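Visitor: As given, the protein sequences belong to chains H and G, one line each in that order. Taking this note's numbering, the leading residue of the first sequence gets 1, the next gets one more, and so forth. Taking this note's numbering, the leading residue of the second sequence gets 1, the next gets one more, and so forth.
Hints in this document: simulated from the structure, not taken from any laboratory. It should be emphasised that the depicted structure is a prediction, and the values quoted were computed from it without experimental measurement. Check each hint, because a few of them may be wrong.
Any copy will do: because identical chains look the same in the list, a pair fits if it lies in one copy or spans two.
Here are the simulated lysine-lysine pairs, DSSO-like style, with alpha carbons at most 27 Å apart [stated by the list, open to error]:
(1) Lys118 / Lys260
(2) Lys85 / Lys263
(3) Lys255 / Lys118
(4) Lys221 / Lys173
(5) Lys20 / Lys216
(6) Lys85 / Lys209
(7) Lys170 / Lys263
(8) Lys85 / Lys203
(9) Lys260 / Lys131
(10) Lys64 / Lys255
(11) Lys131 / Lys173
Listed here are the chains, written in short residue letters.
Number of protein chains: 2
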Amino acid sequence: MRNLSIGIFDSGVGGLTVFKEISSLLPGENLIYLGDTARVPYGGKSAQAITRYALECALFLLTKGIKLLVIACNVSSAYALPLIKRRFPIPVVGVIEPGVREAASVTRSKRVGVIGTKGTIRSGVYENYLKRIDPEIVVISKACPLFVPIVEEGLESDEIAYIMAERYLKEIKEADVDTLVLGCTHYPVLENVIRSVMGSHVKIVHSGKETAKVVKDLLEKENLLSRRRKGEHRYFVTDLPESFIETGSRILGRKIDSVKCVKQMDFRYIFFSS
Amino acid sequence: MRNLSIGIFDSGVGGLTVFKEISSLLPGENLIYLGDTARVPYGGKSAQAITRYALECALFLLTKGIKLLVIACNVSSAYALPLIKRRFPIPVVGVIEPGVREAASVTRSKRVGVIGTKGTIRSGVYENYLKRIDPEIVVISKACPLFVPIVEEGLESDEIAYIMAERYLKEIKEADVDTLVLGCTHYPVLENVIRSVMGSHVKIVHSGKETAKVVKDLLEKENLLSRRRKGEHRYFVTDLPESFIETGSRILGRKIDSVKCVKQMDFRYIFFSS
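Take these sequences, add in the hints, and give me the full structure.
Guide: Here is the structure:
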């Protein structure tokens, strides 16, 4: 069991910001990443569509032999985590709770900003979780729908990124928060832009690091940590490996060697009929 | 047969720019529109993925009782039109050829610009068709990947649209074209912006009007024109009817009353196994 891999999925390349933290904290683990690039982006789609897509990704990774599953996508964590957790025989970790706990522990003013895709913001999941930890926390949230295409197009240092960040963050800045949660795994790529708009006094929380810690703790507790020195990394996409390699290598800060394209990922019948 | 509908599909709301022209030229026809909003956008995806999605959309409409199919999506026309034409028992019309013929007939300088999604530009289909009509035509083409999300987000009058248009169109403007083809059915929504960047001396071709004429000619020739006074319009999407209604009503210039959400559109097995 301890020799099995950790499975990680996202709608596209964004989840690699989480993958990167897990690989640096747990270098001995075999990691398998799946980016559902045939259906990216998830963020503007319905709860029902996102849940179905997330289940299919999770089942694909399960067939690859994994001991733990990371849903490295906020909107999938928001809608599909409870269902997948209930039905899967292995531990399942989302990216929202780790980010929420970090935000609740670092805020002093109890005024927290949250940005994410439309789906994540519409779900209200950050607000609910934050208020469950501390009902006094005031949450100001904002959907930033153009951020994902900007990252996917490699425009994270472009003036367009600054203009949209100024606009999207205006309300949150005026609300005088001391903490801002990046509620989408694509957004850490825009961290410099976001930081320059928000100012250095605002703490920026992205859930990659926190999620990696949760994964380590869980594996330790279950006595499932790998004893290897160096794990292997495998990458799967549902479409267009070339552009995944290009943007993904930039996110990881190292060249992705090879990516396999999954032709058919249709587990929905098996799953829903059971 | 003449009482059957015309089926029209696109990856999202963009094809409504074509739907609008068909409904105004042929008010007596019943029209059925399908927007594949669960998988939008197609433009950045692979030829293989786009072909599969387009086939599924086409088959869905076929099951609704149609006498003619319009592929109101450039990238689907680029990759899937020949296959669908070959296999379907009814006339199938794409949006590329009508636009190409119009562009070739209006250009005087024989310098034509083409803009579209990555997939359409990568396919080289406009360049091939234009050169087949007139080998002397020089084509300058450019992918504009952020235009679709800008339209889907309703930002067509925003400064962002102007900034991106200035950037995307720079090369084409400098190449001194006298005609610009909008090679994506979303782009007519940005026509004002594009016109202000290109200047009034450049003719802008969008294929909606030309496609509508082709549809009318074909139905006439086959003696399939409806004798109704006023046809019915039905709209289907694969996800999120609400945002389709919002953006779609803006495109059509009239309120879309009701949209049905298609839950399952999995005809690929039937089709590929035949």
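Visitor: If a hint holds in the structure, say so; if it does not, say that too.
Guide: Taking the hints in turn, this is what the structure says about them:
1. Taking the closest pair of Cα atoms, Lys118 and Lys260 come within 27 Å of each other only across two copies (22 Å); inside a single copy the shortest separation is 30 Å, beyond that limit.
2. For a Cα distance limit of 27 Å, the shortest separation of Lys85 from Lys263 qualifies both inside one copy, at 26 Å, and across copies, at 24 Å.
3. With identical chains, the CA atoms of Lys255 and Lys118 are at most 27 Å apart between copies only, with a shortest distance of 23 Å across copies and 31 Å within one.
4. When the C-alpha separation of Lys221 and Lys173 is checked against a cutoff of 27 Å, the pair qualifies neither within a copy, at 40 Å, nor between copies, at 63 Å.
5. In the homo-oligomer, the alpha carbons of Lys20 and Lys216 lie at most 27 Å apart inside one protomer (14 Å), although the nearest pairing across protomers, at 56 Å, exceeds that limit.
6. Taking CA atoms no more than 27 Å apart as the test, Lys85 paired with Lys209 passes inside one copy only; the shortest distance there is 21 Å, against 52 Å between copies.
7. Taking the closest pair of Cα atoms, Lys170 and Lys263 never come within 27 Å of each other, the shortest separation being 42 Å inside a single copy and 38 Å across copies.
8. Within a single copy, Lys85 and Lys203 get their C-alpha atoms no closer than 31 Å, and across copies no closer than 57 Å, so neither meets the 27 Å cut-off.
9. Taking the shortest alpha-carbon separations for Lys260 and Lys131, neither the intra-copy value of 41 Å nor the inter-copy value of 37 Å comes in at or below 27 Å.
10. In the homo-oligomer, the alpha carbons of Lys64 and Lys255 lie at most 27 Å apart inside one protomer (23 Å), although the nearest pairing across protomers, at 48 Å, exceeds that limit.
11. In the homo-oligomer, the alpha carbons of Lys131 and Lys173 lie at most 27 Å apart inside one protomer (20 Å), although the nearest pairing across protomers, at 53 Å, exceeds that limit.
Checked against the numbered hints given earlier, this structure breaks hints 4, 7, 8 and 9; the rest are met.
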